[in-house]
Amino acid sequence: MRYLFNIIILLWSMQAFAQDKTLYIYQDADISSHNESSVAIQQGIEVAFSEIDNEVSGYRIAFKYLDHRGNVIRSKRNYQTFIKDPRALAIYSGIHSPPLIKNRDFINENKALTLVPWAAGGPITRYPSKENWIYRLSVDDTQAGAVIIDFAMNNKMCKKPHLLLEDTPWGSSNLKSMSKALKQHNIEKPTVTRFSWNLKEKGARTLLREIFELGSDCIVLVGNAVEGAVLAEEMANRPLEERLPIVSHWGITGGDFHQKINVDKRKKLDLHFIQSCFAFTNAEQSEYAQQVFKRLIEHSAGKITQVNDLKAAVGFIHAYDLTKLLIQAMKQTKLTGDMTKDRNALRLALENIQTPVQGLVKTYIQPFSIFDEQTNVNGHEALYKENYCMGKYGLNNEVLIANE
Amino acid sequence: MESKVKSSSRINLPIYGRIAFFGVGFFLVTMLLTAFIIIPKINQSIESQHTRDIGTELTLEAALFQRFVESQRTILEDLAKFPSLTNAVMLSNAGNRAINDLFDNVVISGNKGRLVLQDIAGNVLIQTVNDLQGSYIDNNHWVEQILSGSTPYHFQLLEQKAERFSFQISVPVIYNSYIEGVLSAEISVSLEQVFVAQTLDNDIAFTLIQNDITISTGIEHIEIVRKNSLQLNTPNLLFTYITDDAPIQAGKRVLRNTILSVLLFSLAISFLLFALLGYRGLVSGDQKAKINPSFLRAYALPILIGVIGAAASIAAYLIILNIQQDIFEEKLNFDSKQRIQAIREKVKSKLETLDAIEAFYHASTSVSRQEFKTFTATFLANHPSIKRLEWVPKVEDPQRTTYERQARRDGLDGFTIKEMDLTGNFVTAQQRDTYFPIYFTEPLQGNEQAIGFDLASNKKPLAVLKKARISGEKMATAPITLIQENGIQAESLIFYPVYDNQLFNDPAEGKQLLGFVLMVMRVDEIINETSNKGSTLLSLHVQDISEPNMVEVIYGDKHKGDGLSRSEVIKVAGREWKITTYANANQTPLIWLPWLILTAGLVFSGLITSGLIHLIRRREVVEVLVKQRTAELRMLSSTVANSNDIFIITEASELDADNSGPKIIYVNEAFTRLTGYSAEEAVGNTPRILQGKDTDRLELDKIRMALQTGETYLGELINYTKDGTEYWIELNISPLKDETGKIIQFSAVERDVTERKRAEAERETLIEKLIDSNEELERFAFVCSHDLQEPLRMIRSFSEKLQVHIADDLKDDEKGKRYFHFVTDGAARAQALIADILAYSSIDNDTQNLENFSAEALLQLIQNNQLESDPELQGEITYDKLPELRGNKTQLYQLFQNLINNGMKYHKPGTTPHVHVSVKDTGEHWQFAIKDNGIGMEERHLNKIFEVFQRLHRKSQYAGTGIGLSICKKVVARHGGAIWVESEKDVGSTFYITLLKPTLME
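In the order they appear, the protein sequences are chains E and B.
The numbers in our numbering rise by one with no breaks, and the one at position 317 of the first sequence is 317.
Just remember that our numbering sits 10000 ahead of the position in the second sequence, which is counted from 1.
Treat the hints loosely; a few may be bogus.
As the list claims (entries may be wrong) - Straight-line C-alpha distance at most 20 Å; calculated EDC-like pairs for lysine to aspartate or glutamate: (1) B:Lys10337 / B:Asp10355; (2) E:Lys200 / B:Asp10078; (3) B:Lys10881 / B:Glu10856; (4) E:Lys200 / B:Asp10101; (5) B:Lys10571 / B:Asp10355; (6) E:Lys202 / B:Glu10077; (7) E:Lys200 / B:Glu10077; (8) B:Lys10081 / E:Glu201; (9) E:Lys202 / B:Asp10078.
What the hints assert, rightly or not - What the simulated footprint calls covered on chain E by chain B, stretch by stretch (three residues with Cβ under 8 Å from a Cβ of chain B suffice, anywhere in the stretch; the number is not a length): (10) 65-73; (11) 187-199.
I should point out that these hints are in silico values taken from the structure, not numbers from a laboratory.
Keep in mind it's a predicted model, so treat the numbers as computed, not measured.
Ideal placement from N, C-alpha and C gives every residue a C-beta, glycine not left out.
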């Protein structure tokens, strides 16, 4: 009896397997430490797919989200899971650049189709091969560095900006791009401080004091929400006359920065950060954007009712836009169910998006092209310098695009 | 105190004795309690307290150790919090300058940190040193545990090097409260740093055992090992706290011996005190105190002394036994240490052989086979336990043929470097980079097989070779043991690396290694070489304990039973031998001494006790005698004092001195009453004061004579009172003699007989008067009766004649006939009466006529006369065989006749009278019984019947004079006999008479 039952179960499951036409979209992100950004990205993906009822070419689309907590090794393991999954089509990254940079070779060698809606590290998309598996719709450090520096120099009137950078590959890529940008402002050798993850109050205090003592008049910060919050907190604690304006990369917006550095603390700070040039908080919203947000409200099942409820909105925006591109690519591809083939087909399709795709940031017209180290370094970048704006937190923890 | 004195005065013991008794008794009880309850209790509580203490100490030490580990963990955890470290693990980034700077500057326990940083995959990102001892990759469970958060940290012992040991401690690297990597440190600390040095010197040791790693502070200084282990969870290891039980054992011994000594001392003192008391009490004869004691009280003292003596003996026995045991144990321990030290030195001396050979190699550019043989020959000859000395060169593959050729040239035909195949046969060695063949072996003979064997082909020797090569020290293989008939034979192979000069920069690389000197030594022979050291008390058992899970016996048998044993661990070329010594079962300490003391003590106590008991017994007998005598004396003295007779005691000595008479030394009260002299007046005076004018001089002379001859005097004498009144005394003087028979005193008993004398005089007068009147009366009666007979006869005969004469007239005159009858009858009776009176009165006179005759004949005569006199009489007279009698025949005839007649006469109407006479010999007398079947008598009459004229019946009923039985009585009396009667009314009477036998009749 038991035997028979087992056989039935086996047969049923085999049948189910045969009929199972589900494809999985993965996310490998820091769901723990930078949860807001990860969740925002997930919402972006899901809202975009919900527009096509989670179905493409007869395949149902489902989602698997893996947490690397910022650890490069764990991220690699997650990728291994993805690679082995015979139904995993593409994988989105999260906020952190290091896992992507560190594992870039691994990702490309294993042909893991990676979509990057947030991580800004320059090298991520610049795998030196025509067969490049990583696509980004986000701020790109190589381009953003100049935007941040320009904002600091032009808008904040910095005379002696200090580069305060993570001691990570991401920080390093920014050091490179920012130093280059500063040369445009006649600063040959900016003062630089690198800090590690897990930076604590005491370390931060020391750093800031040293920077102040160096005579710097503003800080260009490249870091994430965890350490960013520590630094912002310490800056807010300093005497008014010793507080320096902070012009930051957007890493700080990825986590619970806005909660740790609440509106009261923010009032003590002059803090700006780079964003893509779209925000639901902008007074004027296109019909399309309103539609999308409406969809988001529906999708969030009550968690989001107004614009302010969407934290790390940029994650949503970029993920949504990126997913729209992915859907278009899927539509252009004849999916076979064989992931090796399908991932490659999709990769090629992404480089050949034939129709303009309406997104939140902009309408994308062939956003990606075949990467070339020499001639097309931005081939896998969907956004350009023109799409970057500076933003700041509003009273309700929302991100406001600065119009200054 | 007051009350004690009072109460003690009531009991018949002197106060000091009482106090001593209580004191010693109390002491004794205390000591007995001590010996049998308190000492074991104390020992037990010392033991349990000690166990508890050790338990506490163990917990404490373990906690201290844990705290130490915790402190190391904290150091490491603090280090793990460094952001650069977080960065490194998060980004899997080893090349960071900050982290390198950090690690370069870390100092743990005074040393540059030996650190390892691993990412979440377990990969080593950074290691600050290359020669890590711990294992960090390859399926390390602990890494997974740390990464999964199931253990807060990991602790692993690594190794011990002399006084230092190292361990690995690993902690997680945490970022944003998630575990992102593992940081480990290998920390080397001195044992003293962890275990307080002070305690290590003080009979304490520690071992830490984790997996197969053992860290030990060394237990060489510990005599009696007591291990107390605690399995710790964090860190996961067995923490053993080793204490030396020797001091506690010694302490227990001292305590026990002290208590026993005190006990012995007090018992001995008590014993002597009691013995002394007992003897003094018995010898001094304080009778007042000792009269009639109860058994228990009488024998309590000797019993007490016996018990104390026995207890003292036992205590002495125990003390001596303990002391001997201690001495024996000490000797064993000493011997054991000496023996093990000897073994240690022997092994050392064997190992020095290797040094010598190594030096030989250093001194020579090359050593040939012959040189090796010559050089080693001495060692082999001097050390029989060294079985082989071998040279194992390091042969690189290109050199192989050179070596093989050289060996063949040396005379070893067909020499190849060989190895053992799976079937155990030697085959030519497969090609490998390096070979370690046995190249030289001495002695060669018997070891040809081994020549050429490549040690690198076998895993086990290769491992030892590697160890030796790395450490540059002598390293032994696990002993190879063979079980032989005469026990276990174990061989130890010891390798010693030889480098081409003494300075080797990198032993692990082994660039300058020439080869190994190999020594094969026999464990059993080494140990046997030391057998002359120490006594024969010990047997040995040796184990190789280098590998905890493969302990191997290499010498001796495991001792059975739980005798005294002692263990030490010695290090032999990188291996550890545990040598255990046991006391041989047949070697036990001399035990005769304590037994001798016990026996002697018991015998001595027994003698003292029995001596005392004997004394008490004897004393008891004496006391009983004294008691009797005293009672007698008291009785006598009170008799004397209170007697109505006069007692006078005089001295005897003065008798001859002058004529003043003996001196009175005692008189009783009766003396004073009678004589009127007071005792004071009498004592010192002479009895002559009592004599006077009428005192019979003749009697006095008799007295003097008696006194002088020492005889008893008895007589009567007239004395005078103080006022001159005369009185008679009956005087009895007897001499009192001492033990030698010499007369020392005279005692005189005097009785006042004045009254008796007067009565006697009166009686005599009366008797004389009576005799006179009696004689007169008898004469009168005789005369009267004799003279009356004639007129009576006349009356009777003439009345009869008259009756005949007037017969016709009286024919019809009945009245006349009756009157005549009265007359004749009266006359007849008067005649009979007179005859009887005559008879009665003549008895006294007739008694002198004595004659011998047969009683039977007498009876026959009576029978015949009876029949004759009255033929009509129905009746029967019978008699037994009767004896001869002597006496007045007439009187005796009358006696028997009267008695028989009585029996016939007083018969019951209608029955035939029957009288039977029997006789019985009662010695001096014949006792006759005259028994009838007549009417009998009431008891109240029995006394009357023998009196004159006493009749129980009217004359009309039974005829008689009333004199018959009186006559009988008188006759019997005249014949020295007696008469009495036993009778029962209506049954019959028996008259008894006794008559002197003829021989006694005068």
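- Could you check the structure against the hints above and give me the numbers of any it violates, in ascending order? Result: hint 1 breaks, nothing else.
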